[in-house]
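Undergrad: Chains A and B, in that order, give the protein sequences. Heads up: the first sequence begins at 27 in my numbering, then just goes up one per residue. Heads up: the second sequence begins at 13 in my numbering, then just goes up one per residue.
None of these hints come from the bench; they were simulated from the model. Quantities reported herein were computed from a predicted structural model and do not represent experimental measurements. Mixed in with the good hints there might be a few duds.
Said to hold, decoys possible - The list that follows gives simulated cross-link-like pairs (lysine-lysine, DSS-like), each with its CA atoms no further than 30 Å apart:
hint : chain 1 : residue 1 : chain 2 : residue 2
1    : A       : 111       : B       : 47
2    : B       : 189       : A       : 111
3    : A       : 41        : B       : 123
4    : A       : 111       : B       : 119
5    : A       : 41        : B       : 144
6    : B       : 174       : A       : 111
7    : B       : 144       : A       : 305
8    : B       : 189       : A       : 307
9    : B       : 215       : A       : 41
10   : A       : 41        : B       : 228
11   : B       : 25        : A       : 111
12   : B       : 26        : A       : 219
13   : B       : 144       : A       : 111
14   : B       : 25        : A       : 219
15   : A       : 50        : B       : 144
16   : B       : 119       : A       : 219
17   : A       : 50        : B       : 138
18   : A       : 224       : B       : 25
19   : A       : 305       : B       : 25
20   : A       : 111       : B       : 228
21   : A       : 307       : B       : 67
22   : B       : 25        : A       : 307
23   : B       : 123       : A       : 111
24   : B       : 266       : A       : 111
25   : B       : 69        : A       : 111
26   : A       : 305       : B       : 26
27   : B       : 47        : A       : 307
28   : A       : 111       : B       : 179
29   : A       : 307       : B       : 26
30   : B       : 215       : A       : 111
31   : B       : 215       : A       : 307
32   : B       : 26        : A       : 224
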Amino acid sequence: MNQSFDFGRWWLLVKKHWYENQRKYTLSLVAIAGLLLAWFTFIMVLNPYEPIDPGMQFGTYYFGLFIVGCLFASLLFADLSSTSKGINYLSMPASHLEKLLCALLYSVVVFFVVYSAIFYLVELPMIKISNAIAHTHWSKLMYKSGNFHEAEVINVFVMPNRPAGVPNIFFYFLMTYFAIQAAFILGSVYFRKFNFIKTVISLILACAFLAFLVGQLFHSLMPSGNYYHGITSYSFFTNDDYENGKIVQLPEWIDGVLKLFIMYTFAPIFWVTTYFRLKEKEI
Amino acid sequence: MINIQNLHFSYRKKPIFKGLSLQLQPGHIYGLLGKNGTGKSTLLRNIAGLLFPDKGKVEVLGFVPGLRQPAFLQQVFLVPEEFYLPDVPLQHLVDHHAPFYPLFDRKRFEKYVTEFDIPLDGTLQKMSYGQKKKVLISFGLASNASMLLMDEPTNGLDIMSKSQFRKVMAAELNDQKCIVISTHQVKDLENLIDRVTIIDEGKILFDQTVDTIGKKLSFRISFDADEVKQSLYSESSLRGNAIISRNTDGEESKLDLELLYKAIIVNGPLVQSVFTA
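With the hints as extra help, turn the sequences into a complete structure.
TA: This is how it looks when you write it as structure tokens:
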């Protein structure tokens, strides 16, 4: 029997987690659907002349994803905040890796898929209703004249009408979400109480520290100038010649590696840290 | 089975153990006695891998408990004082928890649950604290874990259930199993344990088998003032003076665990001297 990972044991854990939490999860999903429904209705009531535009769809999806996803993540290891539940959790004969992967399956994969499905399930009819309402109001207002543009359901993962060469910012948002959610997963193991608030404060402090590092410390070490097209090229001026700046460009591959690092490594780093924190957790 | 050497443990700056050493063998039911806050639960959690020693060695069944490997967790079952069971039907609990214990015996679980007067088709959500505790004890016994650790298991049990508990536990012991019961309700363990370990302020004050205690000490009621004066420990009661004295005639008396516990706490060195002589 493998002491680090055994698929059969992990699957038992996944099933057990579902049976113990199915009622709570189902109710939460109904609540999310209800909130989305209420929000879209509120927008339609607020401005019945315009259908729900892509910006609003995008904003709603990511706002909900960030808030609910991080809240869910911060509750993921809530058992460890209670002595009785923590003993039950840590004494369960499964490895730390299996416990973490089970938690990641529900919080990262299942939550994301189900949240997206519910979003579209609510959004599809709401866009149709919004179009119909807006069209009716528009017709009355314009005396059946003018051009009315119906809203379409957007793909929240692909930036609409993206010019060639412009990166897909929506994908960046998604990657940022996974990184921040991973920080909340770590926070749920790291902090015993008020882990959501403590994680928020920690993230703010970390961002402030990074801003200070880049803005103040690095800036004081560099010659007078600015970053130019990313952080691997730097434009600076010599001998007070503010008109003819020089650009120092690091090799292009460094830019690529840095982008990949920032986009894809934060979440795994937090997951791995969570694993080690779980291993050293004492109750 | 359990080998604890020079265990040091503290909660932040409050030291609990300063060099505790203890060996526990299979085939015994150990009674771990002590006042509240003396480190009984901490010791059990160190054995179960829920707390890690600051210094020293804890080895259980050849495993380092702190690693919490699945093979170790399958063989060590802890019934904590503060326990948690999910609000699911009893059958669901067995269906989804039992597969983690390869030696789990469902029939035995149902037998124990029935003996404790718990309906098999019941739901944990609707059960009282005592009923849930009986379910957890039944589950622990049915898991066939080699090491059963129980922290105040009789807390919350009614009189009938306590008696049932003693009966079930006595029937459960075999040569491969080691049962450690921690409690401050010493009366509940009488006729059950075969070794008494008293812990106080993080130290082992007393550690003897019930057989040895019976051979060395005599527990009885006395009305003789001289005998009371010469005893190792005495306390007056409605029936006379309950005393502990040296067993000089070789006749074994019924162990009064509560009296022994008080004697060790109040007059430890004198009682210990009987065993070291």
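Undergrad: State for each hint whether it applies.
TA: Hints versus structure:
Between residue 111(A) and residue 47(B), the direct Cα distance comes to roughly 25 Å. Compliance with the 30 Å bound is thereby established for this hinted pair. With a C-alpha separation of about 26 Å, the suggested pair residue 189(B) and residue 111(A) falls inside the 30 Å cut-off, and the hint holds. For the given pair, residue 41(A) sits about 26 Å from residue 123(B) by alpha-carbon distance, which is consistent with the 30 Å threshold. Pair hint residue 111(A) plus residue 119(B) holds up; C-alpha atoms about 27 Å apart against a cutoff of 30 Å.
For the given pair, residue 41(A) sits about 22 Å from residue 144(B) by alpha-carbon distance, which is consistent with the 30 Å threshold. Distance check on the hinted pair: residue 174(B) and residue 111(A) sit about 25 Å apart at the alpha-carbon level, within 30 Å; holds. Only pairs whose Cα atoms come within 30 Å are accepted, and residue 144(B) paired with residue 305(A) is accepted, the gap being roughly 29 Å. Only pairs whose Cα atoms come within 30 Å are accepted, and residue 189(B) paired with residue 307(A) is accepted, the gap being roughly 28 Å.
At most 30 Å may separate the alpha-carbon atoms for a hinted pair to count; residue 215(B) and residue 41(A) exceed this at roughly 43 Å. Simply put, residue 41(A) and residue 228(B) have alpha-carbon atoms about 55 Å apart, too far for the 30 Å limit, and the pair is violated. Distance hint between residue 25(B) and residue 111(A) is fulfilled; the C-alpha atoms sit about 25 Å from each other, no more than 30 Å. With a C-alpha separation of about 21 Å, the suggested pairing of residue 26(B) with residue 219(A) holds against the 30 Å cut-off.
The hinted pair formed by residue 144(B) and residue 111(A) meets the criterion: a straight-line CA distance of about 14 Å does not exceed 30 Å. Taking the CA atoms of residue 25(B) and residue 219(A), the gap is near 21 Å; set against the 30 Å cutoff, the hint holds. This hinted pair checks out: residue 50(A) and residue 144(B) have alpha carbons roughly 21 Å apart, not beyond 30 Å. Taking the CA atoms of residue 119(B) and residue 219(A), the gap is about 41 Å. The hint is violated against a cut of 30 Å.
A C-alpha spacing of about 18 Å is found between residue 50(A) and residue 138(B), which places the hinted pair at or below 30 Å, so the restraint holds. The hinted pair formed by residue 224(A) and residue 25(B) meets the criterion: a straight-line CA distance of about 24 Å does not exceed 30 Å. As the CA atoms of residue 305(A) and residue 25(B) are separated by approximately 23 Å, the hinted pair is consistent with the 30 Å bound. A threshold of 30 Å between alpha carbons decides the hint, and for residue 111(A) with residue 228(B) the separation of about 44 Å lies outside it, so the pair is violated.
Distance check on the hinted pair: residue 307(A) and residue 67(B) sit about 17 Å apart at the alpha-carbon level, within 30 Å; holds. With a C-alpha separation of about 18 Å, the suggested pair residue 25(B) and residue 307(A) falls inside the 30 Å cut-off, and the hint holds. Restraint check for residue 123(B) and residue 111(A): the C-alpha separation of about 26 Å stays at or below 30 Å, so the hint holds. Distance check on the hinted pair: residue 266(B) and residue 111(A) sit about 40 Å apart at the alpha-carbon level, beyond 30 Å; violated.
Restraint check for residue 69(B) and residue 111(A): the C-alpha separation of about 27 Å stays at or below 30 Å, so the hint holds. Simply put, residue 305(A) and residue 26(B) have alpha-carbon atoms about 24 Å apart, close enough for the 30 Å limit, and the pair holds. Note on residue 47(B) and residue 307(A): the hinted pairing holds, with a Cα-Cα distance of about 27 Å set against a maximum of 30 Å. Between residue 111(A) and residue 179(B) the CA atoms are separated by roughly 29 Å; this keeps the pair inside 30 Å, and the hint holds.
Distance hint between residue 307(A) and residue 26(B) is fulfilled; the C-alpha atoms sit about 19 Å from each other, no more than 30 Å. For the hint linking residue 215(B) to residue 111(A), the alpha-carbon distance of about 29 Å falls within 30 Å, and the restraint holds. Our distance criterion of 30 Å between C-alpha atoms is met by residue 215(B) and residue 307(A), whose separation comes to about 26 Å. Under the criterion of a C-alpha separation no larger than 30 Å, the hint pairing residue 26(B) with residue 224(A) is consistent with the structure, at around 26 Å.
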